[in-house]
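J.: Once you have looked at the hints, place chain B on chain A.
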Amino acid sequence: MSTVSTPRPRRTRRPTGGLARMEQRWGVLLALPVVLGFLVFTIGPMLASFVISLTDWTIGGEVNWVGLDNYRQMFGDDALFGTSLRVTLSYTLMAVPLTLAVGFGVAMLLNRDVRGRGLFRVLYYLPVLVPSVASAVLWTWVYNPEFGLLNQLLRGAGLPTSRWIYDADTALPSLAIMAAWGFGNAAVIFLAGLQGVPRHLYEAIEMDGGGPWARFRYVTLPMMTPTIFYNLVMGLIATFQVFNEAYVMTQGGPDNATLFYNFYLYRTAFTEGRLGYASALAWVLFVVMVAVTALVFRSARRWVYYETGDGR
Amino acid sequence: MTTTTGTGTTRRPRLRPARALLHLTLCAGALVTLFPFLWLVRSALMEDGQIFAAPPEWVPAPFAWHNFSDALTARPFGRYFLNTLAIEAVVVPGVLLVGALSAFTFARLRWRGRDVVFAVLLSSLMLPYAVTLVPTFVGWQHLGLVGTWVPLTLPAWFGAGQMGAIFLMRQFFLGIPRELDDAAYVDGASPFTVFWRIVLPLSKPVLIVVGIFTFIAVWNDFLNPLIYLADTDRFTLALGLAGFQGSYTAQWGYLMAASTVVIAPIILLFFFAQRHILEGITLTGLKG
Numbered sequence: 001m002s003t004v005s006t007p008r009p010r011r012t013r014r015p016t017g018g019l020a021r022m023e024q025r026w027g028v029l030l031a032l033p034v035v036l037g038f039l040v041f042t043i044g045p046m047l048a049s050f051v052i053s054l055t056d057w058t059i060g061g062e063v064n065w066v067g068l069d070n071y072r073q074m075f076g077d078d079a080l081f082g083t084s085l086r087v088t089l090s091y092t093l094m095a096v097p098l099t100l101a102v103g104f105g106v107a108m109l110l111n112r113d114v115r116g117r118g119l120f121r122v123l124y125y126l127p128v129l130v131p132s133v134a135s136a137v138l139w140t141w142v143y144n145p146e147f148g149l150l151n152q153l154l155r156g157a158g159l160p161t162s163r164w165i166y167d168a169d170t171a172l173p174s175l176a177i178m179a180a181w182g183f184g185n186a187a188v189i190f191l192a193g194l195q196g197v198p199r200h201l202y203e204a205i206e207m208d209g210g211g212p213w214a215r216f217r218y219v220t221l222p223m224m225t226p227t228i229f230y231n232l233v234m235g236l237i238a239t240f241q242v243f244n245e246a247y248v249m250t251q252g253g254p255d256n257a258t259l260f261y262n263f264y265l266y267r268t269a270f271t272e273g274r275l276g277y278a279s280a281l282a283w284v285l286f287v288v289m290v291a292v293t294a295l296v297f298r299s300a301r302r303w304v305y306y307e308t309g310d311g312r
Numbered sequence: 001m002t003t004t005t006g007t008g009t010t011r012r013p014r015l016r017p018a019r020a021l022l023h024l025t026l027c028a029g030a031l032v033t034l035f036p037f038l039w040l041v042r043s044a045l046m047e048d049g050q051i052f053a054a055p056p057e058w059v060p061a062p063f064a065w066h067n068f069s070d071a072l073t074a075r076p077f078g079r080y081f082l083n084t085l086a087i088e089a090v091v092v093p094g095v096l097l098v099g100a101l102s103a104f105t106f107a108r109l110r111w112r113g114r115d116v117v118f119a120v121l122l123s124s125l126m127l128p129y130a131v132t133l134v135p136t137f138v139g140w141q142h143l144g145l146v147g148t149w150v151p152l153t154l155p156a157w158f159g160a161g162q163m164g165a166i167f168l169m170r171q172f173f174l175g176i177p178r179e180l181d182d183a184a185y186v187d188g189a190s191p192f193t194v195f196w197r198i199v200l201p202l203s204k205p206v207l208i209v210v211g212i213f214t215f216i217a218v219w220n221d222f223l224n225p226l227i228y229l230a231d232t233d234r235f236t237l238a239l240g241l242a243g244f245q246g247s248y249t250a251q252w253g254y255l256m257a258a259s260t261v262v263i264a265p266i267i268l269l270f271f272f273a274q275r276h277i278l279e280g281i282t283l284t285g286l287k288g
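Chains as they are written, first to last, in the UniProt record's numbering: chain A, 1 to 312; chain B, 1 to 288.
Just so you know, the hints here were simulated from the structure itself, not pulled from any lab data. Everything numeric in this text was worked out from a predicted model, so none of it was measured. No residue lacks a Cβ here, since even glycine has one placed at the ideal position from N, Cα and C. Hints are supplied without guarantee of correctness; some may be wrong.
Stated by the list, open to error - Pairwise CB distance ranges (calculated):
hint: 1; chain 1: B; residue 1: Ser190; chain 2: A; residue 2: Ala238; range: 25 to 35 Å
hint: 2; chain 1: A; residue 1: Pro254; chain 2: B; residue 2: Pro76; range: 52 to 62 Å
hint: 3; chain 1: B; residue 1: Pro76; chain 2: A; residue 2: Leu36; range: 30 to 40 Å
hint: 4; chain 1: B; residue 1: His23; chain 2: A; residue 2: Thr293; range: 38 to 48 Å
As the list claims (entries may be wrong) - Now the stretches of chain B that chain A is said to cover, found in silico as 3 or more residues with beta-carbon under 8 Å:
hint: 5; stretch: 100–109
hint: 6; stretch: 116–128
hint: 7; stretch: 219–229
Okay, chain A solo, but in the shape it has when bound (with noise of 0.2 Å):
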């Protein structure tokens, strides 16, 4: 019956002969098919933009290597670069933090002993599932400055009103509001990781005679980095690549105010055709993106709080 050729108890398998041989088959062949797209979707992909980002390639035109000119170009004499570099670091640094702060102030709130919070919960969340193209339509028409909907409000409330997304001093700051709309989900993973903090260190620091400000200064705050921590890497991230706002509320302006980056990128590669330089401004996203997400990384080690011998 058994087909292994050294029996061994079961609780210390260590796989030997036809059992191992059978894993490291069957291992391989069922990785095969990620291995494939990862090479073919983005591996290759990776590499061609790169020999791409070296030509000055343009839809319909013949292609030249042009060696660095195309990023010679964009740190010497491409405006736009730089606008549209500084727009997206603009925005991250408003709408990271302002959705941080807010999911981390409601998760706060959650926490407590809160009658209906499986209903407050969902209600949070809900506004993180709106397909983004359907808020980027919803918020044009609540940030429309003759009826929308803040207007109104601020008009009824006799309050000064705001061209919101149609001025160039307010649109970055208005789509990073509409940004914080979605603290839901940062909300949620605060939550949990409030709801998994040792009781046993609230009632420590309350013998010892802390009062509701250390214990949120030396046990919540600590406990709660790494949530922080995660949801700080993947909200850069995500708020690096913003594209879809721009393109259906501002298409990148007004006075190129909301240029992001992505946009931009998008506009050079499939509005222009310049395949050539669109690479180059992508591989120095990447590039950015990795500098940043490292140095966060970097930093992580000393306000990171990681508990040792914890977890599996």
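T.: Relative to the frame of chain A, chain B by itself:
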């Protein structure tokens, strides 16, 4: 400090006003969060005259149900809906089957190089999509497949862009007791049998989560349809809505009606599957 309850538990007595304030704040927060939805639905159901009234009115009179029928016939949204469902029907099973098989091999089979391969695959999570965008497009163009659904569906069957899902499933599979596999192997089962008969039936929760997330991601995807689809007959809902917005700029009643139709199925799905979805979010967050 001021523990007055005699039971010696950790719970401190809560002041009633404080509790009331907490609930009031949460309700106010919920109201602010839901306000754009109210604005959406009320605008979708109003005649132009009422939409632009100042101060804003909140109850449609009369209910302009025709906004929906008008908007949905101004553009073939029914068609877009079916198109989106067709793409879902290819992508979701692909992610579940290929993703689960990959997760299985990375979680439960031992083979040389496994962990290195997995780490390399996982690193693609950090890769900005822009880096692969142009060459992938050029490639599909060479194959004459731009304008079809192939670029939107086939990659999922090779796990492309699905490492998040695979990671999640792998984590789940790691938690299933190994003794089950071993017993089956002793009985002469093949790894595929173990996968199909033992691991999959025990993994319904994670399969549901991944299925729902994939469904939502496809539903919301905008950039890929935008790049690959040109013929309006093949448009997805998200793409169709963006096009609609472009040509009906000031018709807010129509636009909001169309947006409602794009949003509603996802909200509906959420209400039926909210526990799975919210647990899935926390799972990704805490294990990541």
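J.: The structure should be examined with respect to each hint, and the outcome stated for every one.
T.: Hint check results:
1. Taken as a hint, the range 25 to 35 Å is violated for the pair B:Ser190 and A:Ala238, whose Cβ atoms sit roughly 41 Å apart.
2. Evaluation of the 52 to 62 Å hint for A:Pro254 and B:Pro76 yields a failure: the beta carbon distance comes to about 33 Å.
3. At roughly 37 Å, the beta carbons of B:Pro76 and A:Leu36 sit within the given window of 30 to 40 Å.
4. A beta carbon spacing of about 39 Å between B:His23 and A:Thr293 agrees with the range 38 to 48 Å that was offered as a hint.
5. Coverage of a stretch by a chain is defined here by at least three residues with a beta carbon nearer than 8 Å to that chain's beta carbons; for the stretch 100–109 of chain B and chain A the count is 6, and the condition holds.
6. Figure legend: the stretch 116–128 of chain B, annotated as covered by chain A; annotation consistent (7 residues with Cβ-Cβ distances under 8 Å, at least 3 required).
7. For the stretch 219–229 of chain B, the assignment as covered by chain A holds, since 6 residues bring a beta-carbon within under 8 Å of that chain's beta-carbons and 3 suffice.
Hints 1, 2 from the earlier list are contradicted by this structure; the remaining hints agree with it.
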